[in-house]
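Chemist: Sequence:
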Amino acid sequence: MKSLIAIALLASSIFPLQKMIDTKWRGEEELVEELMYFPTGNLLKKIVLGYDELAADLVWLRMIQYYGHHRQTDKRFDYLGHILDVLTDLDPHFIHGYTFGALLLTDDGRNPSRGLSILQKGAVHNPLDWRLPFMSGFINYVFLRDYERAADHFVTASSLPDAPAFSKRFAAFVYDRKGDVDVSLELWYNLYETTENEYEKRSALRYIKRIEIQRLSQLVARFREMSGRYPTDLKNLVTIEWIDALPEAPDGSSYFFDHSDSLVKCTE
Numbered sequence: 170m171k172s173l174i175a176i177a178l179l180a181s182s183i184f185p186l187q188k189m190i191d192t193k194w195r196g197e198e199e200l201v202e203e204l205m206y207f208p209t210g211n212l213l214k215k216i217v218l219g220y221d222e223l224a225a226d227l228v229w230l231r232m233i234q235y236y237g238h239h240r241q242t243d244k245r246f247d248y249l250g251h252i253l254d255v256l257t258d259l260d261p262h263f264i265h266g267y268t269f270g271a272l273l274l275t276d277d278g279r280n281p282s283r284g285l286s287i288l289q290k291g292a293v294h295n296p297l298d299w300r301l302p303f304m305s306g307f308i309n310y311v312f313l314r315d316y317e318r319a320a321d322h323f324v325t326a327s328s329l330p331d332a333p334a335f336s337k338r339f340a341a342f343v344y345d346r347k348g349d350v351d352v353s354l355e356l357w358y359n360l361y362e363t364t365e366n367e368y369e370k371r372s373a374l375r376y377i378k379r380i381e382i383q384r385l386s387q388l389v390a391r392f393r394e395m396s397g398r399y400p401t402d403l404k405n406l407v408t409i410e411w412i413d414a415l416p417e418a419p420d421g422s423s424y425f426f427d428h429s430d431s432l433v434k435c436t437e
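Position one of the sequence shown corresponds to residue 170 (the working numbering), numbered consecutively onward.
These are calculated hints, taken from the structure and not from any lab test. Given the structure is predicted, the values throughout are model-derived calculations rather than measurements. Don't be surprised by glycine CBs; every beta carbon is placed ideally from N, CA and C. Among these hints, one or two may not hold up.
Stated by the list, open to error - With a straight-line cut-off of 16 Å between C-alpha atoms, the simulated EDC-like cross-links for lysine to aspartate or glutamate are: (1) Lys-337 <-> Glu-355; (2) Lys-378 <-> Glu-355; (3) Lys-290 <-> Asp-260; (4) Lys-290 <-> Asp-254; (5) Lys-378 <-> Glu-362; (6) Lys-370 <-> Asp-420; (7) Lys-337 <-> Glu-317; (8) Lys-378 <-> Glu-437; (9) Lys-370 <-> Asp-277; (10) Lys-434 <-> Asp-402; (11) Lys-404 <-> Asp-427; (12) Lys-347 <-> Glu-317; (13) Lys-347 <-> Asp-321; (14) Lys-378 <-> Asp-420; (15) Lys-434 <-> Glu-417; (16) Lys-378 <-> Asp-351; (17) Lys-378 <-> Glu-417; (18) Lys-337 <-> Asp-321; (19) Lys-370 <-> Glu-355; (20) Lys-434 <-> Glu-381; (21) Lys-370 <-> Asp-276; (22) Lys-337 <-> Asp-298; (23) Lys-347 <-> Asp-315; (24) Lys-404 <-> Glu-381; (25) Lys-244 <-> Asp-276; (26) Lys-404 <-> Glu-417; (27) Lys-244 <-> Asp-277; (28) Lys-434 <-> Asp-420.
As the list claims (entries may be wrong) - For each label pair, taking beta carbons as the anchor points, the in silico distance ranges come out as: (29) Asp-402 <-> Ser-286: 42 to 50 Å; (30) Met-395 <-> Asp-315: 35 to 43 Å; (31) Ala-414 <-> Asp-243: 36 to 44 Å; (32) Glu-437 <-> His-262: 31 to 39 Å; (33) Gln-234 <-> Lys-337: 36 to 44 Å; (34) Asp-331 <-> Val-293: 17 to 25 Å; (35) Ala-341 <-> Asp-226: 35 to 43 Å; (36) Asn-366 <-> Thr-242: 22 to 30 Å; (37) Arg-346 <-> Asp-420: 20 to 28 Å; (38) Asp-420 <-> Gln-234: 18 to 26 Å; (39) Glu-410 <-> Ser-328: 38 to 46 Å; (40) Val-293 <-> Asp-402: 49 to 57 Å.
All chains, please: the whole structure from these sequences, using the hints.
Modeler: Structure (structure tokens):
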């Protein structure tokens, strides 16, 4: 009976957020009004009678819905930080809520300070988890170009239990090669290969392709400047030994030069 009551209360508590996500927006004022009825995470903890993780799972699903809806429509994520706060209040040990949430707030939400604050909140509740300072270093390096802070965070991450060797390696890279695009690319590759979160993996893949296309496009522009024409194929860049080999995206897709619009692209 207790569990049934808790689930019923949970459903009624989360309904306003579900309504906010599932209905078409009818104006900013109504959106704010609907959001006011969604409780804070601390209040929700009292309502769900100990079923915190169940509530967190539901809020996580709502967050993914909210993110997906806005990514496909208006690209606005005004309430993402609020939803993440509720999520991490309910389950303060849900590491992906902090790391992926911080990445979304920084990249899609264009709010890196908010992303770093959610990571700091995570570090307070999970002081021995290396992933939180590592992601802080990641954001400082890749998005903010604050190399000193990035290096400090990587050093902190490398000193924590179970931290992989690459966390120390990145600290050295940042100190020695500040601003090097190779470090950024390796960071994204590392995130892609190590994360267990499919959404983080997709973000990493998107950035890997973006960086590789940018690098290849620069070489194509240089080739055209020197020869007066575009290369017939990207393999020409290997033939003239400007690169050792053509990169391949981690999902197996390939980069190619599209002569129809003179752009480097990647197969889907």
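Chemist: For every hint, state whether the structure bears it out.
Modeler: Hint-by-hint comparison with the structure:
{"no.": "1", "hint": "Lys-337 <-> Glu-355", "in the structure": "14 Å, holds"}
{"no.": "2", "hint": "Lys-378 <-> Glu-355", "in the structure": "12 Å, holds"}
{"no.": "3", "hint": "Lys-290 <-> Asp-260", "in the structure": "12 Å, holds"}
{"no.": "4", "hint": "Lys-290 <-> Asp-254", "in the structure": "9 Å, holds"}
{"no.": "5", "hint": "Lys-378 <-> Glu-362", "in the structure": "14 Å, holds"}
{"no.": "6", "hint": "Lys-370 <-> Asp-420", "in the structure": "10 Å, holds"}
{"no.": "7", "hint": "Lys-337 <-> Glu-317", "in the structure": "14 Å, holds"}
{"no.": "8", "hint": "Lys-378 <-> Glu-437", "in the structure": "11 Å, holds"}
{"no.": "9", "hint": "Lys-370 <-> Asp-277", "in the structure": "15 Å, holds"}
{"no.": "10", "hint": "Lys-434 <-> Asp-402", "in the structure": "12 Å, holds"}
{"no.": "11", "hint": "Lys-404 <-> Asp-427", "in the structure": "13 Å, holds"}
{"no.": "12", "hint": "Lys-347 <-> Glu-317", "in the structure": "9 Å, holds"}
{"no.": "13", "hint": "Lys-347 <-> Asp-321", "in the structure": "13 Å, holds"}
{"no.": "14", "hint": "Lys-378 <-> Asp-420", "in the structure": "10 Å, holds"}
{"no.": "15", "hint": "Lys-434 <-> Glu-417", "in the structure": "12 Å, holds"}
{"no.": "16", "hint": "Lys-378 <-> Asp-351", "in the structure": "13 Å, holds"}
{"no.": "17", "hint": "Lys-378 <-> Glu-417", "in the structure": "9 Å, holds"}
{"no.": "18", "hint": "Lys-337 <-> Asp-321", "in the structure": "11 Å, holds"}
{"no.": "19", "hint": "Lys-370 <-> Glu-355", "in the structure": "14 Å, holds"}
{"no.": "20", "hint": "Lys-434 <-> Glu-381", "in the structure": "10 Å, holds"}
{"no.": "21", "hint": "Lys-370 <-> Asp-276", "in the structure": "14 Å, holds"}
{"no.": "22", "hint": "Lys-337 <-> Asp-298", "in the structure": "15 Å, holds"}
{"no.": "23", "hint": "Lys-347 <-> Asp-315", "in the structure": "9 Å, holds"}
{"no.": "24", "hint": "Lys-404 <-> Glu-381", "in the structure": "15 Å, holds"}
{"no.": "25", "hint": "Lys-244 <-> Asp-276", "in the structure": "11 Å, holds"}
{"no.": "26", "hint": "Lys-404 <-> Glu-417", "in the structure": "13 Å, holds"}
{"no.": "27", "hint": "Lys-244 <-> Asp-277", "in the structure": "7 Å, holds"}
{"no.": "28", "hint": "Lys-434 <-> Asp-420", "in the structure": "15 Å, holds"}
{"no.": "29", "hint": "Asp-402 <-> Ser-286: 42 to 50 Å", "in the structure": "47 Å, holds"}
{"no.": "30", "hint": "Met-395 <-> Asp-315: 35 to 43 Å", "in the structure": "36 Å, holds"}
{"no.": "31", "hint": "Ala-414 <-> Asp-243: 36 to 44 Å", "in the structure": "41 Å, holds"}
{"no.": "32", "hint": "Glu-437 <-> His-262: 31 to 39 Å", "in the structure": "37 Å, holds"}
{"no.": "33", "hint": "Gln-234 <-> Lys-337: 36 to 44 Å", "in the structure": "38 Å, holds"}
{"no.": "34", "hint": "Asp-331 <-> Val-293: 17 to 25 Å", "in the structure": "19 Å, holds"}
{"no.": "35", "hint": "Ala-341 <-> Asp-226: 35 to 43 Å", "in the structure": "39 Å, holds"}
{"no.": "36", "hint": "Asn-366 <-> Thr-242: 22 to 30 Å", "in the structure": "23 Å, holds"}
{"no.": "37", "hint": "Arg-346 <-> Asp-420: 20 to 28 Å", "in the structure": "27 Å, holds"}
{"no.": "38", "hint": "Asp-420 <-> Gln-234: 18 to 26 Å", "in the structure": "25 Å, holds"}
{"no.": "39", "hint": "Glu-410 <-> Ser-328: 38 to 46 Å", "in the structure": "41 Å, holds"}
{"no.": "40", "hint": "Val-293 <-> Asp-402: 49 to 57 Å", "in the structure": "53 Å, holds"}
Violated hints: none; the structure is consistent with every hint.
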